[in-house]
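> Okay, here's what each chain looks like letter by letter:
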Amino acid sequence: MTDLLYSETEDDLRAAVRSLLADRADAQTLLGRIETGAPYVPGLWKSLAGDMGAAGLLVPEKLGGQGASHREAAVVLEELGRAVTPAPYLTSAVVATETLLALDTEGEPVAELLAGLASGRTVAVLALPLSTAPGTERGLATAPREHGVDIGSGAPETREGGGSGRPGTVTGVADALAADVFLVPRADGLYAVPAGDAVVVPQTPLDLTRPLAAVTTDGAVGTLLADAETAGAAIRRGLLSGAGLLASEQLGLAEWCLEETVRHTRQRYQFNRPVGSFQALKHRMAQLWLEIVNARAAARAAADALATGSPEAPLTVAVAQAYCSKVAVHAAEECVQLHGGIGMTWEHPAHLALKRAKSDQVALGSAGRHQDAIAALVDLPAPA
Amino acid sequence: MTDAAELRTRTQRLLAEHPPATTAREDFLRARFDAGLAWVHYPVGLGGLDAPRSLQAVVDAELAAAGAPDNDPRRIGIGLGMAAPTLLAYGSDEVKQRFLKPLWVGEEVWCQLFSEPGAGSDLAALATRAVRDGDTWVVNGQKVWTSSAHVARWAILIARTDPDLPKHRGITYFVCDMTDPGVEVRPLRQITGEAEFNEVFLTDVRIPDAHRLGEAGDGWRVAQTTLMNERVSIGGARIPREGGMIGPVAKTWRERPDLRTHDLHRRLLDLWVDSEVARLTGERLRQQLVAGQPGPEGSAMKLGFARLNQAISGLEVELLGDEGLLYGDWTMRRPELVDFTGRDAGYRYLRSKGNSIEGGTTEVLLNIVAERVLGLPPEPRNDKDVAWKDLAR
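The listed protein sequences correspond, in order, to chains A and B.
To convert, take the position in the first sequence, counting from 1, and add 129; that gives my numbering.
To convert, take the position in the second sequence, counting from 1, and add 323; that gives my numbering.
To be clear, the hints were calculated from the coordinates, so they are not data collected in a lab.
Backbone N, C-alpha and C fix where the C-beta goes; we use that ideal spot for every residue, glycine too.
Some hints here could point you the wrong way.
Cross-link-like lysine-lysine pairs, in silico, DSSO-like; alpha carbons within 30 angstroms at most [stated by the list, open to error]:
#1 Lys-676(B) - Lys-455(A)
#2 Lys-625(B) - Lys-455(A)
#3 Lys-455(A) - Lys-574(B)
#4 Lys-175(A) - Lys-487(A)
#5 Lys-484(A) - Lys-191(A)
Okay, the calculated bits of chain A under chain B, using three or more residues with CB under 8 angstroms as the criterion [stated by the list, open to error]:
#6 391–400
#7 418–428
Looking at chain A on its own, in the form it has when it is part of the complex:
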């Protein structure tokens, strides 16, 4: 039976992460860093991933992790979403980690990588565009060999008219700047390529708290981790977990937006009364609250389905993404609007939430792509 509540352990974990982020990565700290090209707060990853063990939540204890589950990782992401923290958690501790966990974890290179990831010492990033939806990376095993180098089908040059025009270059790779290792899908399988052997060119992202870069690995040999078939299934699992837990990030972000908006409209006086007393504003905030109540149920359901390995996980994840991505954007847009002029300033962090929410809407598949998945899963086909 699906458990949609939070356990005491999860509440404790939340409190610890929230306190760490409030202490080390508040909005002013982020605003001071995001334009430096190095938005990651120094030392924060070590505290979160290593000291608190958050990076190893999904990894079994025998592989060096915490042996927890997606439910706990989801709570960490709720907090990272609330604080719009730049940290390679979703990319490394969820997507890359889940991908590796679906490979032969007895094998030397995979086990070693996982131990590094679980401890937070190593950051690994899957070399696919952030926008890749679970299931759309199909064709991986049959991607053509170009210029003697195997490339993944998610790479831009396989799409007509897209990308950098350079073979073996993948654009829009999130947290590439923080990566020690890239997991690179090629036609004959999944490779681990040290970041030092790759060319990483930063791009200017809409969301400055989640840096993007173009990653070129065609000059690097790398270590083969799995054959194409195993790799395809593993990447699907990694992306599915990422999409499912992204819903929790979106939930946390939406909650912060509503809380800040309520706080602001209670204190802001115009027409000799708090603007939050106007029904026109109140109803909008109450409406957001309703959406957040729903988003919490959807996000918890996705985390629980992933944690329990439910056969319904693909549907539950698609439902959570189709719902939560629009709630986060709605909350952030309302946050900007109901703050009035101050919501448009660089000084106020509302724009950080808006940019993250809007990017998250595209990340790991837009709502429309997830709806397409739902249509297929529950037999509601499009017109012929």
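With the hints as your guide, set chain B onto chain A.
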């Protein structure tokens, strides 16, 4: 302390002494009430055993497994959900002894005389007057949107007893005899063609003072008990996927490829997702209640349910095309039960318009969420300290 094992034993004893197969339905229900297994959280002697409310499920499961009859809770929902908790909280011993058993067994149906033509969302502005005459009260006025009034034996009634006080303070709560010659019930035809509800005209209706619940003038507070329970009773049950209004639409979509368009497909998927998420929210709320962590999420359910029902049934009429232009039957009927999902798409479309009005309008519920859950300041008011008789109307 009564625990689950003890309740199972008591339930099995009831079943042994009154085998459902050979016992008349009402006899069985009366015996169940007397055994304290009607609502286990009620006091001993009033159908309960002072047991935790969550243990009712143990009794219900045993009885269902044995094929025992139930008290048809849908038919007597107002009695069970609204009148009973108020009678329990405010009734005298005599009142509780007299009313609770026939209410629970279903021998006496209850209705609710609250809303008036001039007092809907602003219920506290109600104008029905009750004037004291010795040991009785004489009531005059008009109530509206009363479901079950035409089959009810008793009503819970709020009336104004002191027009000189501000509106919330001059109200008193009564039990009203629906067979009093001064009670006239007329069907109220609604946009579906049916008359689920009634108008109730009260002319010199006499109510003994013994049927007053709570102190004279304290009726608003008593009514809060009733209304709180109304919101709890809406949207509590567990439903399967596609269990709500989305079900028939999804079925039509699957069976009728000729009706599919791209625009309808996108909108259908939007609503399917919203329905599934609403189902999960209901399930989460249920888990919170079971875990003893009730939250304010119940009001989210009611609001979401109204919006979804309206959007889905609207889509369904469009999807059906030529058939959507037709309507089953405009004959005025007086159904005994409220039916949101029965009949055809046109009916569902029209009936669901009431979902955002009945049980608190969406606008009022959003205010309640904003003020009580989010802590936003209230709108400035000019009606709180004014005598009821001086209010604009």
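> None of the hints should be skipped; say for each whether it holds.
Going down the list of hints, with the structure as the test:
{"no.": "1", "hint": "Lys-676(B) - Lys-455(A)", "verdict": "holds (26 angstroms)"}
{"no.": "2", "hint": "Lys-625(B) - Lys-455(A)", "verdict": "holds (21 angstroms)"}
{"no.": "3", "hint": "Lys-455(A) - Lys-574(B)", "verdict": "holds (27 angstroms)"}
{"no.": "4", "hint": "Lys-175(A) - Lys-487(A)", "verdict": "holds (28 angstroms)"}
{"no.": "5", "hint": "Lys-484(A) - Lys-191(A)", "verdict": "violated (39 angstroms)"}
{"no.": "6", "hint": "391–400", "verdict": "holds (count 3)"}
{"no.": "7", "hint": "418–428", "verdict": "holds (count 8)"}
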